[in-house]
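K.L.:
Read off the chains here:
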Amino acid sequence: MLAYTPLLDPINLFHEWWFVLLIPMSLGVSIAYKAVRLPTLYHFWKHVLAMTAQIIVGMILLAVASYIIIEGFIPMIVGE
Amino acid sequence: MSSTGGSTPLKHPEERFQPVAAVLAFLLPGAGHYYLGHRLRGVYIATGVLGLYLSGLLVAGLDAVDRRSNPVSFIGQALVGPVALGTNWVHQNHFKAYDPRQIDQLRSASQLPLLEKRSPNPSETRQIRNEPFPDGTTASVPVWSRTADADPPYEQSFGKVNELGMLFCIVAGMMNLICIIDASMHRRRDPKADPPETAKLDHAPRTNQPAPQGDA
Numbered sequence: 067m068l069a070y071t072p073l074l075d076p077i078n079l080f081h082e083w084w085f086v087l088l089i090p091m092s093l094g095v096s097i098a099y100k101a102v103r104l105p106t107l108y109h110f111w112k113h114v115l116a117m118t119a120q121i122i123v124g125m126i127l128l129a130v131a132s133y134i135i136i137e138g139f140i141p142m143i144v145g146e
Numbered sequence: 008m009s010s011t012g013g014s015t016p017l018k019h020p021e022e023r024f025q026p027v028a029a030v031l032a033f034l035l036p037g038a039g040h041y042y043l044g045h046r047l048r049g050v051y052i053a054t055g056v057l058g059l060y061l062s063g064l065l066v067a068g069l070d071a072v073d074r075r076s077n078p079v080s081f082i083g084q085a086l087v088g089p090v091a092l093g094t095n096w097v098h099q100n101h102f103k104a105y106d107p108r109q110i111d112q113l114r115s116a117s118q119l120p121l122l123e124k125r126s127p128n129p130s131e132t133r134q135i136r137n138e139p140f141p142d143g144t145t146a147s148v149p150v151w152s153r154t155a156d157a158d159p160p161y162e163q164s165f166g167k168v169n170e171l172g173m174l175f176c177i178v179a180g181m182m183n184l185i186c187i188i189d190a191s192m193h194r195r196r197d198p199k200a201d202p203p204e205t206a207k208l209d210h211a212p213r214t215n216q217p218a219p220q221g222d223a
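So the protein lines, in turn, are chains A and B. Using the numbering used here, the first residue of the first sequence is number 67, and each one after it goes up by one. Using the numbering used here, the first residue of the second sequence is number 8, and each one after it goes up by one.
By construction, these hints were calculated from the structure, which means they are not laboratory data. Backbone N, C-alpha and C fix where the C-beta goes; we use that ideal spot for every residue, glycine too. Treat the hints with care, since some could be wrong.
[To be verified] Restricting the straight-line Cα-Cα distance to at most 25 Å, the calculated cross-link-like pairs of lysine to aspartate or glutamate (DMTMM-like) are:
| no. | chain 1 | residue 1 | chain 2 | residue 2 |
| --- | --- | --- | --- | --- |
| 1 | B | LYS124 | B | GLU170 |
| 2 | A | LYS112 | B | GLU204 |
| 3 | B | LYS167 | B | GLU204 |
| 4 | B | LYS207 | A | GLU137 |
[Claimed, not checked] Calculated from the model, a selection of chain A residues having no Cβ within reach of chain B, i.e. all distances over 10 Å:
| no. | residue |
| --- | --- |
| 5 | GLY94 |
| 6 | ILE122 |
| 7 | LEU128 |
| 8 | ILE135 |
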C-alpha cells in the first residue's frame, strides 16, 4: 500500500468493498436528520441507530429486488 | 365574514424567519441552531454534516472537492459552507498546476486564466517557475515537472473511491441545506421556560381521560 496522507490522498481500501461505506454514510445522514427532526433529543442515539439500520435494510432490499428483476423477471419475459 | 374564535394559529408565535441563524448555519454547520439556544442540537448537526464531509475527504482525498473538474457536484458540496469553499480554493491554488506543454503555447501572461490547471500524474512534482512569455511579460507559474524521483503533493482518486468520496461531500451539503432551512424557521429556545433539550417528550393522552393532576 502506498503512503496515505489523510485528507489529501485517496484511501486504497474500498475499491472492492465500496458498499461498506454505505454504513458511515447512513450514520452521518441519520445524525444530521434526527438532530433536526426530533422534538427533543431524549434517546437521540437510539433513534439514530434505528434510522441507520432502516436505511441499510432498505438498501439491501432494493438491491435484492433489483437482482430479482434483472436476473429473474426480465429473462423470463424475454423468454431466455 | 370574519371568523371569531375556534381557530388556532398554525405557527408558534415566536416561530418566525431567523436570517441570522440561517447565515450562521451556512457559515458553520450547526451554528444556526446553537445561536438559537439549541446547543446540543447544533453540536449533533455539526457532527453529522462535518463528519460526512470529512469522511468524503478521507475516502477520496482532496480530489473529492474540485469545482473545475466536477462543477455540478460542487454545487451540492458548496452547501457545507466556507469549509467546502476553502477546501476547493486550497485545491485549486496550492495543489493544482499547469501542464508545461500548454504554457509553452501561450503568448502572454494575461492568457494564463484561459488554461485549466490539472491534478498531478504519479511521476510529477509541483514547481513554481518564473516563466517568460513571447510578448516580454513574465509570471510565476505553478507547473508539473516530470522527474524520476518525483513526489506529487497528492494522488488523484479514480473509480468508486472517487465517486463515493464526492457523494459523501454532496450528501453533507444536502443535509446542511435541510439544517439551514430548519434554523431559518426555528423558534429561539428560552432556557428558563423550555424543558431541557434532552427532556422526555410528554405525549398527550389519546382518549378523553383527564390528564393526571399530580400527587394530591
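K.L.:
All hints are to be evaluated individually against the structure, with a verdict given for each.
P.N.:
Each hint tested on the structure:
| no. | hint | verdict |
| --- | --- | --- |
| 1 | B:LYS124 x B:GLU170 | 21 Å, holds |
| 2 | A:LYS112 x B:GLU204 | 16 Å, holds |
| 3 | B:LYS167 x B:GLU204 | 40 Å, violated |
| 4 | B:LYS207 x A:GLU137 | 48 Å, violated |
| 5 | GLY94 | 4 Å, violated |
| 6 | ILE122 | 15 Å, holds |
| 7 | LEU128 | 16 Å, holds |
| 8 | ILE135 | 23 Å, holds |
Violated hints, in rising order: 3, 4, 5; the structure is consistent with all others.
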